[in-house]
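Q: For reference, the chains in residue letters:
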Amino acid sequence: MNAHDEERMKQFLKQALPPMGDAEPGRDLWPAMLRRLDARPTAVPWFDWALAGGLAVFALAFPASIPVFLYYL
Amino acid sequence: MRDGASNVLNELRQGSPATFNDAFETLFRLHQRTVYGWLLRIVRNPAAAEDLTVETFWRIYRAHARFDPTRGFEAWARTIATHVALDWLRTQRPETELLMDVAAPPTGDPAISDEIRRKTAEAFSRLAPKLRVAAVLAVVEELPHKEVAAALGISVTAVKVRVFRALRLLRKDLQQQGITP
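Chains as they are written, first to last, in the working numbering: chain A, 1 to 73; chain B, 1 to 181.
Please note that a few of the clues may not be correct.
Unchecked claim - Have a look at the derived ranges for each label pair, beta carbon to beta carbon:
#	chain 1	residue 1	chain 2	residue 2	range
1	A	ALA50	B	ASP68	28 to 38 Å
2	B	THR70	A	PRO63	51 to 61 Å
3	A	GLY53	B	VAL161	46 to 56 Å
4	A	GLY53	B	HIS83	25 to 35 Å
5	A	TRP30	B	LYS160	36 to 46 Å
6	B	PRO69	A	PRO31	24 to 34 Å
7	B	THR91	A	GLU7	25 to 35 Å
8	A	GLU24	B	PRO69	25 to 35 Å
Claimed, not checked - Some chain B residues close to chain A (C-beta under 8 Å, calculated; not the full set):
#	residue
9	PHE28
10	ARG29
11	TRP58
12	THR120
13	VAL140
14	GLU141
Treat the hints as calculated values from the structure; they're not laboratory data. Positions of the beta carbon are idealized from the N, C-alpha and C atoms, including for glycine.
All chains should be modelled from the sequences, with the hints used to inform the complete structure.
A: This is the structure we're talking about:
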């Protein structure tokens, strides 16, 4: 494709897809944003998962500790 | 550049729940029009651009800790918005897009018929999204290659290559349909 073809294709493209120019949303998007923020999943910190995993491993390794653990809850 | 948006993002970093909504609403209202306009240029669909504006600010919210104030908020937001738009374009089927482009009133060169315009728009919708984004921003919207490169996170040379490839593939597609540009 030479420079002339390239320019011609640019013209075709500009004719097929006119520039959008400045535009604004047709509605207030903040309510939709609030809904999106409210719908966010509750993130569980990684250390909570680590703590739960550690406790599970401990309980499996030392089952006798479970009643003691429950007593102190 | 230290701007109003940077200050708002700093407030978000401090994570005070009491001020969170106000700070984020300020940021949103300050920049929603710019982000929407940028997305509309890429996706060319007002309803989708509105939804993607919300998605962009959602990603901004999630990534606010990685914001670099020296880069400026708008450039950062444009990069995120471009990736949101690319993700959306990848999920779209070619024939469902560009409806408003085809319906747009013809202007300029009378030698280019409505049929050529329609076939060009259809051929363009069949290109890979990353080529389309580069071509639409650089050729249709006539933005500087440097700005397009920053938004896509690639070099200026890569933008030129993508634009050239897009035009070449477009020409090939049109030739296959019997149109000789």
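Q: Now, for every hint given, state plainly whether the structure supports it.
A: Against the structure, the hints:
1. About 30 Å separates the C-beta atoms of A:ALA50 and B:ASP68, a value consistent with the hinted range of 28 to 38 Å.
2. About 56 Å separates the C-beta atoms of B:THR70 and A:PRO63, a value consistent with the hinted range of 51 to 61 Å.
3. At about 48 Å, the beta-carbon gap between A:GLY53 and B:VAL161 stays in the expected band of 46 to 56 Å.
4. A hinted range of 25 to 35 Å for the beta carbons of A:GLY53 and B:HIS83 is consistent with their spacing of about 34 Å.
5. For the pair A:TRP30 and B:LYS160, the beta carbons lie near 39 Å from each other, so the given range of 36 to 46 Å is met.
6. A hinted range of 24 to 34 Å for the beta carbons of B:PRO69 and A:PRO31 is consistent with their spacing of about 29 Å.
7. Taken as a hint, the range 25 to 35 Å holds for the pair B:THR91 and A:GLU7, whose Cβ atoms sit roughly 33 Å apart.
8. Judged by the Cβ atoms, the range 25 to 35 Å given for A:GLU24 and B:PRO69 holds: they are separated by roughly 27 Å.
9. Taking 8 Å as the C-beta contact cut-off toward chain A, the hint placing B:PHE28 at the interface holds, the least distance being around 6 Å.
10. Because the beta carbon of B:ARG29 sits about 7 Å from the nearest beta carbon in chain A, less than 8 Å, this interface hint is met.
11. For B:TRP58, the interface hint holds, the least distance from its beta-carbon to any beta-carbon of chain A being 5 Å, beneath 8 Å.
12. The criterion of a C-beta within 8 Å of any C-beta in chain A is met by B:THR120, whose closest approach is roughly 4 Å, and the hint holds.
13. Contact between B:VAL140 and chain A, as hinted, is supported at the beta carbon level, the nearest pair being about 5 Å apart and thus within 8 Å.
14. Here the hint on B:GLU141 is kept, as its CB sits about 5 Å from the closest CB of chain A, short of 8 Å.
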